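*Asks:* Here is what each chain is made of, one letter per residue.
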Amino acid sequence: MLCYKAWRESQTRFVLSALTIAGLCVLFVLFQNEARTGFDGGPPTYVGYIWRIVYKGYVRELYVLLVLLLGVGGLVRERAYGTAGFTLALPVSRWRLVAARAVIGLSQAAILSLLPALVIPVLSPFVQESYPWTQAIQFSLLWTVGGTLVFAMAFLASVIFGGEYSAPVVAFVVLLVYSAIADMPMLDRFDIHDMMSGTGTPYFRLDASLITGPLPWMAIAVILLVSCCMFVLAGRITQAQDF
Amino acid sequence: MGSDCVIETHELGKNYGRFEAVHALNLRVSRQQITGFLGRNGAGKSTTIKMLLGMTHPTAGTGRVLGRSITDSVENREMRREVAYVGEDKQLYAYMTVEQLIRFTRSFYPDWQNDVAQHLRKQYQLPQNRKVRALSKGMRTKLALLLALARKPALLILDEPTEGLDPVSIEELLHALVAAASEGMTVFFSSHQISEVERIADRVCIIDHGRLVADLSLDQMRQDYRRITLGFATQPPANEFKIHGVQQVKIVGRQVIVLARENSDVVVECAHSLGAVSVDVAPIGLRDVFLETVKEET
Numbered sequence: 000m001l002c003y004k005a006w007r008e009s010q011t012r013f014v015l016s017a018l019t020i021a022g023l024c025v026l027f028v029l030f031q032n033e034a035r036t037g038f039d040g041g042p043p044t045y046v047g048y049i050w051r052i053v054y055k056g057y058v059r060e061l062y063v064l065l066v067l068l069l070g071v072g073g074l075v076r077e078r079a080y081g082t083a084g085f086t087l088a089l090p091v092s093r094w095r096l097v098a099a100r101a102v103i104g105l106s107q108a109a110i111l112s113l114l115p116a117l118v119i120p121v122l123s124p125f126v127q128e129s130y131p132w133t134q135a136i137q138f139s140l141l142w143t144v145g146g147t148l149v150f151a152m153a154f155l156a157s158v159i160f161g162g163e164y165s166a167p168v169v170a171f172v173v174l175l176v177y178s179a180i181a182d183m184p185m186l187d188r189f190d191i192h193d194m195m196s197g198t199g200t201p202y203f204r205l206d207a208s209l210i211t212g213p214l215p216w217m218a219i220a221v222i223l224l225v226s227c228c229m230f231v232l233a234g235r236i237t238q239a240q241d242f
Numbered sequence: 000m001g002s003d004c005v006i007e008t009h010e011l012g013k014n015y016g017r018f019e020a021v022h023a024l025n026l027r028v029s030r031q032q033i034t035g036f037l038g039r040n041g042a043g044k045s046t047t048i049k050m051l052l053g054m055t056h057p058t059a060g061t062g063r064v065l066g067r068s069i070t071d072s073v074e075n076r077e078m079r080r081e082v083a084y085v086g087e088d089k090q091l092y093a094y095m096t097v098e099q100l101i102r103f104t105r106s107f108y109p110d111w112q113n114d115v116a117q118h119l120r121k122q123y124q125l126p127q128n129r130k131v132r133a134l135s136k137g138m139r140t141k142l143a144l145l146l147a148l149a150r151k152p153a154l155l156i157l158d159e160p161t162e163g164l165d166p167v168s169i170e171e172l173l174h175a176l177v178a179a180a181s182e183g184m185t186v187f188f189s190s191h192q193i194s195e196v197e198r199i200a201d202r203v204c205i206i207d208h209g210r211l212v213a214d215l216s217l218d219q220m221r222q223d224y225r226r227i228t229l230g231f232a233t234q235p236p237a238n239e240f241k242i243h244g245v246q247q248v249k250i251v252g253r254q255v256i257v258l259a260r261e262n263s264d265v266v267v268e269c270a271h272s273l274g275a276v277s278v279d280v281a282p283i284g285l286r287d288v289f290l291e292t293v294k295e296e297t
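Chains A and B are the protein sequences, given in the same order.
If you read the first sequence in numbering that gives the first Met the number 0, its first letter stands for residue 0, the second for the next number, and so on.
If you read the second sequence in numbering that gives the first Met the number 0, its first letter stands for residue 0, the second for the next number, and so on.
Just chain B, same shape as in the assembly:
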């Protein structure tokens, strides 16, 4: 495994009976970046994360997190010392108070940083003697984040972290993730909220029907991905645009809409040579890339 990868899977798969939740997943997550794991509901995001953490056993393939095998129970346990996880439902032990849960969690991590925990508890305004069951979902998320960040993990994995949160809590959470990454932590988070991923992620992996369908840097996407709308006087030639880097070609009447992940210049040249009467090149956002990629797979 390359030292710049904190997560690397090879042909990872998980079947539940005949249902293929994850299929031949080759995932790579780079160190000290924020990577968004984007996919529709039921695309296989949570199953992948659970396999990475040893909660679910893969039915095929292998994987390594921080250089340790995810299928070896001893290595996986050692890996979990350096990985923090915030689950989708953010449920914590309802019968403990905030302080008791902090003390409980602290006992498993020798590198626990009390000052960080105290600072975050004050910042998040978590009442230390309140039972977890009496906390709102937003407060529970903050507590889960505190428990994750106070141990200074090398890798922070979050499954749908903003799910069910109000806009203020979402904002605070996204700020916390950016701050964590700026301190050298690798953040890997799943979401189906494209705008959130686009705002904070350096890189995006898109999963659909259990398959990895895209893995791209957002800077690269902003720089290279283009939607090229071409107008023709007569019926346009679709096959002429099957150029390297073209992800999709769609014909609407006398218009050809080309989605290119690179080589947009070549597409424009080709359009001119074919007698296009209008050429419009526009940058595209993650939403378009995601929708086109997922639609294509469907």
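One chain only, chain A, in its complex shape:
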């Protein structure tokens, strides 16, 4: 039932996010003829167009922002709404409260990342094009990994900052700082933006706009481990907090 509570708290944000991402994917596929003419250097291939506009471009950036917003909430926010007392009086540990919210949030981030993979390959035949399922699924996996880190940042910020806007703003600033640091040559393999789009990575062929090599499992493991540490830290902070 704690998962039900976490779901209900984030339901509106998630549904709106899903509709936005799915809607944009539908529009970009259905109006691909018009949209492809607007690129510098001539119209790209359909696969190249999808990569530039969805997996590298607007939709990916939007996904990051929406996942960041999904991470906002939790007990500190509940204190502001006045429901923290009711929640904390339930016979459950604070760890379980934190875990339920993390599980639901991560599931939502994963579902959002799957939407382009569901929409684009299915709709492409309607515009006499095709997009490989394997590519779409691999990008979804990479988005889920990137989304996990972004969600963990927002999740941790929400545990520390109770203001309605302070947690997402802090998480956004942390994301910007992380992005700047991850651009440094020694750390660029851990840059989730590049990882999610494949830009400049050994597993992505820019000329074909396709993932051709093995996915960066080591970097994925490190990013998931860092995210996991952030969730544990959020749990420990919650455990020690006064409400």
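Since the hints were derived computationally from the structure, they do not count as laboratory data.
A quick note: this is a predicted structure, and the numbers were derived from the prediction, not measured.
Just so you know, even glycine gets a beta-carbon here, dropped at the ideal spot from N, CA and C.
Here are the simulated SDA-like cross-link-like pairs (lysine to any residue), alpha carbons at most 25 Å apart as the crow flies: (1) B:294 x B:244; (2) B:151 x A:0; (3) B:136 x A:163; (4) B:294 x B:242; (5) B:130 x A:6; (6) B:151 x A:86; (7) B:130 x A:14; (8) B:130 x A:11; (9) B:130 x A:9; (10) B:136 x A:7; (11) B:130 x A:81; (12) B:130 x A:1; (13) B:136 x B:194; (14) B:151 x B:123; (15) B:130 x A:15; (16) B:151 x A:90; (17) B:130 x B:162; (18) B:130 x B:105; (19) B:130 x A:72; (20) B:130 x A:163; (21) B:130 x A:80; (22) B:130 x A:7; (23) B:136 x A:80; (24) B:130 x A:12; (25) B:241 x B:281; (26) B:121 x B:96; (27) B:130 x A:10; (28) B:151 x B:173; (29) B:130 x A:2; (30) B:130 x A:99; (31) B:130 x B:164; (32) B:130 x A:86; (33) B:151 x A:91; (34) B:136 x A:242; (35) B:136 x A:81.
So the derived label-pair ranges between C-beta atoms look like this: (36) B:166 x A:11: 32 to 40 Å; (37) B:71 x A:217: 40 to 48 Å; (38) B:56 x A:186: 37 to 45 Å; (39) B:178 x A:236: 35 to 43 Å; (40) B:166 x A:80: 24 to 32 Å.
With chain A held as given, fit chain B onto it using these hints.
*Replies:* Using the frame of chain A, we list chain B on its own:
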């Protein structure tokens, strides 16, 4: 801990930085009684309740509720299975309907009594498909009370339960608390509304500036507490009345006003021996005891 105590704290304290919200609190709440926790705004009532429920961590001392430590997170969680809490602001999940919130809460308590919940829902006229956000504060309080009572807790803790309610809702709430106590539940509720505490409580603990300044049975108070007004022909002797059981001695002109929690007979005898020209002994209410106790502390 004595088996007749459901709440017992020992030197319990809570500091917020340099501010001492609760100081060396030794609180005892007896089983199957209604205990009022009286204090001014900011006296430390809510902080104490939050410490008892594990929402706030004490900075000093220990405490046990239903025999379980309040500072051990596992024991505290087990204790919360048997304790129901209605918070000060009575906010519940606004996005759920009445029915959804009942179902949600029920899932945490194996002893949940559906018949009680249904009976109370009808009695309180709570529309099951209405969202909590659309309920008035009075209705929210009733819903919070339903969620608390339907699990048949051993202990019901309420923080300022009547705050912000209209007189009809207050009346219904007080009736519900008395009914709960008559069924064997222990009720511990904080308030700064003296008349409400006096009406339903068996016992009163008064807290001021984070310190427990009085712990008395209301029957005992009605029986023993007296205000003795003594008139003298000349300047009255104040020090002569510092007798065991005398809480306060006040001199107003040629009158001495003695507030005694016991031994009022001894005070009267003493007054006669000192040549008092008039002696008036009157029982006092909780309001007087509270105001005098709190004033004394200030």
